[in-house]
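> Taking the hints into account, I'd like the entire structure generated from these sequences.
Here are the chains, one letter per residue:
Number of protein chains: 2
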Amino acid sequence: MSKQTMQPQDSNIPRYAPGLDGIPVAESSISFVDGKRGHLEYRGIDIEELAKRSSFEETCFLLLYGRLPGADDLASFVAEFRQHRRIKYSIRDMIKCFPESAHPMDALQAGVAALGMFYPFKQGIDTKQADEEMVHLASVRLIAKMPTLVAAHARMRRGDDPIPPRDDLSHAANFLYMLTGEEPEPLFERIMDVALIVHAEHTLNASTFSAMVTGSTLADPYTVISSAVGTLSGPLHGGANEDVLDMLDEIDSVENAERYLNRKLQHKEKIPGLGHRVYKAKDPRATLLQKLYGNLTQKYGEDPTYAIARRIEKLSRSTLGAKGVCPNVDFYSGIVYRKLGIETDLFTPIFTVARVVGWLAHWQEMLANNRIYRPIQIYVGEHGLHYIPVEDR
Amino acid sequence: MSKQTMQPQDSNIPRYAPGLDGIPVAESSISFVDGKRGHLEYRGIDIEELAKRSSFEETCFLLLYGRLPGADDLASFVAEFRQHRRIKYSIRDMIKCFPESAHPMDALQAGVAALGMFYPFKQGIDTKQADEEMVHLASVRLIAKMPTLVAAHARMRRGDDPIPPRDDLSHAANFLYMLTGEEPEPLFERIMDVALIVHAEHTLNASTFSAMVTGSTLADPYTVISSAVGTLSGPLHGGANEDVLDMLDEIDSVENAERYLNRKLQHKEKIPGLGHRVYKAKDPRATLLQKLYGNLTQKYGEDPTYAIARRIEKLSRSTLGAKGVCPNVDFYSGIVYRKLGIETDLFTPIFTVARVVGWLAHWQEMLANNRIYRPIQIYVGEHGLHYIPVEDR
Chain F
16 MSKQTMQPQD
26 SNIPRYAPGL
36 DGIPVAESSI
46 SFVDGKRGHL
56 EYRGIDIEEL
66 AKRSSFEETC
76 FLLLYGRLPG
86 ADDLASFVAE
96 FRQHRRIKYS
106 IRDMIKCFPE
116 SAHPMDALQA
126 GVAALGMFYP
136 FKQGIDTKQA
146 DEEMVHLASV
156 RLIAKMPTLV
166 AAHARMRRGD
176 DPIPPRDDLS
186 HAANFLYMLT
196 GEEPEPLFER
206 IMDVALIVHA
216 EHTLNASTFS
226 AMVTGSTLAD
236 PYTVISSAVG
246 TLSGPLHGGA
256 NEDVLDMLDE
266 IDSVENAERY
276 LNRKLQHKEK
286 IPGLGHRVYK
296 AKDPRATLLQ
306 KLYGNLTQKY
316 GEDPTYAIAR
326 RIEKLSRSTL
336 GAKGVCPNVD
346 FYSGIVYRKL
356 GIETDLFTPI
366 FTVARVVGWL
376 AHWQEMLANN
386 RIYRPIQIYV
396 GEHGLHYIPV
406 EDR
Chain E
16 MSKQTMQPQD
26 SNIPRYAPGL
36 DGIPVAESSI
46 SFVDGKRGHL
56 EYRGIDIEEL
66 AKRSSFEETC
76 FLLLYGRLPG
86 ADDLASFVAE
96 FRQHRRIKYS
106 IRDMIKCFPE
116 SAHPMDALQA
126 GVAALGMFYP
136 FKQGIDTKQA
146 DEEMVHLASV
156 RLIAKMPTLV
166 AAHARMRRGD
176 DPIPPRDDLS
186 HAANFLYMLT
196 GEEPEPLFER
206 IMDVALIVHA
216 EHTLNASTFS
226 AMVTGSTLAD
236 PYTVISSAVG
246 TLSGPLHGGA
256 NEDVLDMLDE
266 IDSVENAERY
276 LNRKLQHKEK
286 IPGLGHRVYK
296 AKDPRATLLQ
306 KLYGNLTQKY
316 GEDPTYAIAR
326 RIEKLSRSTL
336 GAKGVCPNVD
346 FYSGIVYRKL
356 GIETDLFTPI
366 FTVARVVGWL
376 AHWQEMLANN
386 RIYRPIQIYV
396 GEHGLHYIPV
406 EDR
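Chains as they are written, first to last, in my numbering: chain F, 16 to 408; chain E, 16 to 408.
Since the hints were made in silico from the structure, they are not lab data. Don't take each hint at face value.
Which copy? The list can't say, so a pair holds if one copy fits it or any two copies do.
To be verified - In silico DSS-like pairs for lysine-lysine, Cα to Cα no more than 30 angstroms straight-line:
1. Lys295 <-> Lys103
2. Lys67 <-> Lys354
3. Lys283 <-> Lys111
4. Lys137 <-> Lys51
5. Lys306 <-> Lys111
6. Lys137 <-> Lys283
7. Lys51 <-> Lys314
8. Lys279 <-> Lys137
Please read all numbers here as calculations on a predicted model, not as lab measurements.
In structure tokens form, the structure reads like this:
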């Protein structure tokens, strides 16, 4: 019996970095974050430009195929999306079997896994490259059907019939329509469109990485996306915008903000929505969402929660902000979604409706040059023990 | 516009190793492989000893809790398993919605994700440690219900009613009973028990790693295991034993074996079931399964496929074997399962029924000292591009 030390004995083994912090796992040309400057590019283009001038559908094309589509490409891409929005009766019957209390992210993970049974996807092991057309079609299906799954479950859990998708609406407008039953006004549509654009991709976070690990075994794309949905469901990844709203509701009024913040700082507790592993300046996505909220309030008035959020941001600037702990995308997204009348537990599913594009872009990029992820462990256990019969233990 | 080079500019960034080959991602004391000697230990005990003297249930306890259970612990652990075998009506209704052609692994991924909706699991972000009792109960539920899910789907896709689990049978015997409707004879039970023991854990392969990546966001255990099931479904990971049978069927007779092998060697093509990323000697699990097959043939006669397999192994010894390319666990497991009368596309689900234990052991080990996996990428794309309106493209 011997016990190994905590450090690898073989000096050729690289340093162990918990969470793979700072360890490269892929070469990629999909997105780039400059955390110090608070800057995010998709395929080399600043997301501010895309949020102002592009659409979610066009951004999907850009992320998946590395270039802005020509007019014909864009038209046929949009038409494909609209054509693939419906989900099968059996998928809806399946959702009926879910308990009323099911979390929408669990429902979505199961729903996406089930999609794979209806659309078989075969790729050869030897070529390591699936048929391009099949990869494209599966990607379109997943992006197109994700909002339908989310909206169908959101309604069916309340006992309402799902609202079938409309093929005359944009991705953003159709999603809001299926959630509420009403065609959204242009401002709401625009806000959802921008929210989807800015959440579509963000390099190798845990969910994207899990899509890649699953995809590296050449599992089919529905399986890959189901894994990523599951990973995003963890409270350390998705769901921070829900925590922000909980915090703002707890603070309750602008006057209480300073006391709340000081108490948190004294106890060295984290403040939801402030700070990001990569950004050391204000997250550009937070700035964009805050502007959109401004447009909303011009028409519908301000929520008290927003005043509290702004107060927290202002107060934290000198203390946390100086240390690079600034508002991230979750700090304002929840406030925006609530203003659109969306239930709190649908915030992470909305994130999924957007991020599925980034997951698929990384999956496609990986297929071209795939190697199965099989890292090593540092063994810290014992050796040479023996089985002892139960009567002698 | 600038194009970055393929190598990281910052010399502090560690070398990029595709597939994380040789990169440590965790400290672990669950299992250890000595690839050169063809040796595998669970918690320090040689699997040969466990295969000979332990049971799957006892091995589960060992893997999860790091020690062989005392008589009382073992009795209550076994009783818990038997109590949690049943799946809810709604899960069976859900399986009815799956298309007949659904692959059992897709059905299992969706089924496991759905389990999570029925057994809510909450863990705090701050403590990073879920309640021990809750972790234990979820682990027992997952291990106990996995065979029921697999068997229910295997029967229901043929239009047969699922066979409810029996709580007077061992894990292995009950699994075979639910698959076939008949209480298995002791030899069959013993073979399934050993097959489950030797497949229960194997350090950080892709599926185990994906369980850890998903789990690192503190996603619930059903979500974590659903991810891992998905990862195992990929043809580069699970399913090699199916390929072995396809090969043996293709070779068709012992006389054709040499010509087949020479052709493969000439074309430098891989031979299913030969070679392993870690083992450079014969996989100890292959040896154990081969012995069990010997017991089967004493009673029921030999299959022609086995003679072909042995011939391939013998012929390849001087060429491939000398280079460390030896039979792995998949080389004989498919032959054994076929002899038990199990359908080919259930081989990977059987792997899952066993491996769920290893996934859970790594998930539990990780929870104690968790850090979210957020690796880095090497950006090889462009910067500073601009949005161009569609009419100008």
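> Determine for every hint whether it applies to the structure shown.
Hints, verified against the model:
no.	hint	in the structure
1	Lys295 <-> Lys103	neither (45 angstroms within a copy, 48 angstroms between copies)
2	Lys67 <-> Lys354	within (21 angstroms within a copy, 64 angstroms between copies)
3	Lys283 <-> Lys111	neither (45 angstroms within a copy, 51 angstroms between copies)
4	Lys137 <-> Lys51	neither (43 angstroms within a copy, 35 angstroms between copies)
5	Lys306 <-> Lys111	neither (39 angstroms within a copy, 48 angstroms between copies)
6	Lys137 <-> Lys283	between (51 angstroms within a copy, 24 angstroms between copies)
7	Lys51 <-> Lys314	neither (35 angstroms within a copy, 71 angstroms between copies)
8	Lys279 <-> Lys137	between (52 angstroms within a copy, 23 angstroms between copies)
Consistency with the previously given hints fails for numbers 1, 3, 4, 5 and 7, ordered from lowest to highest.
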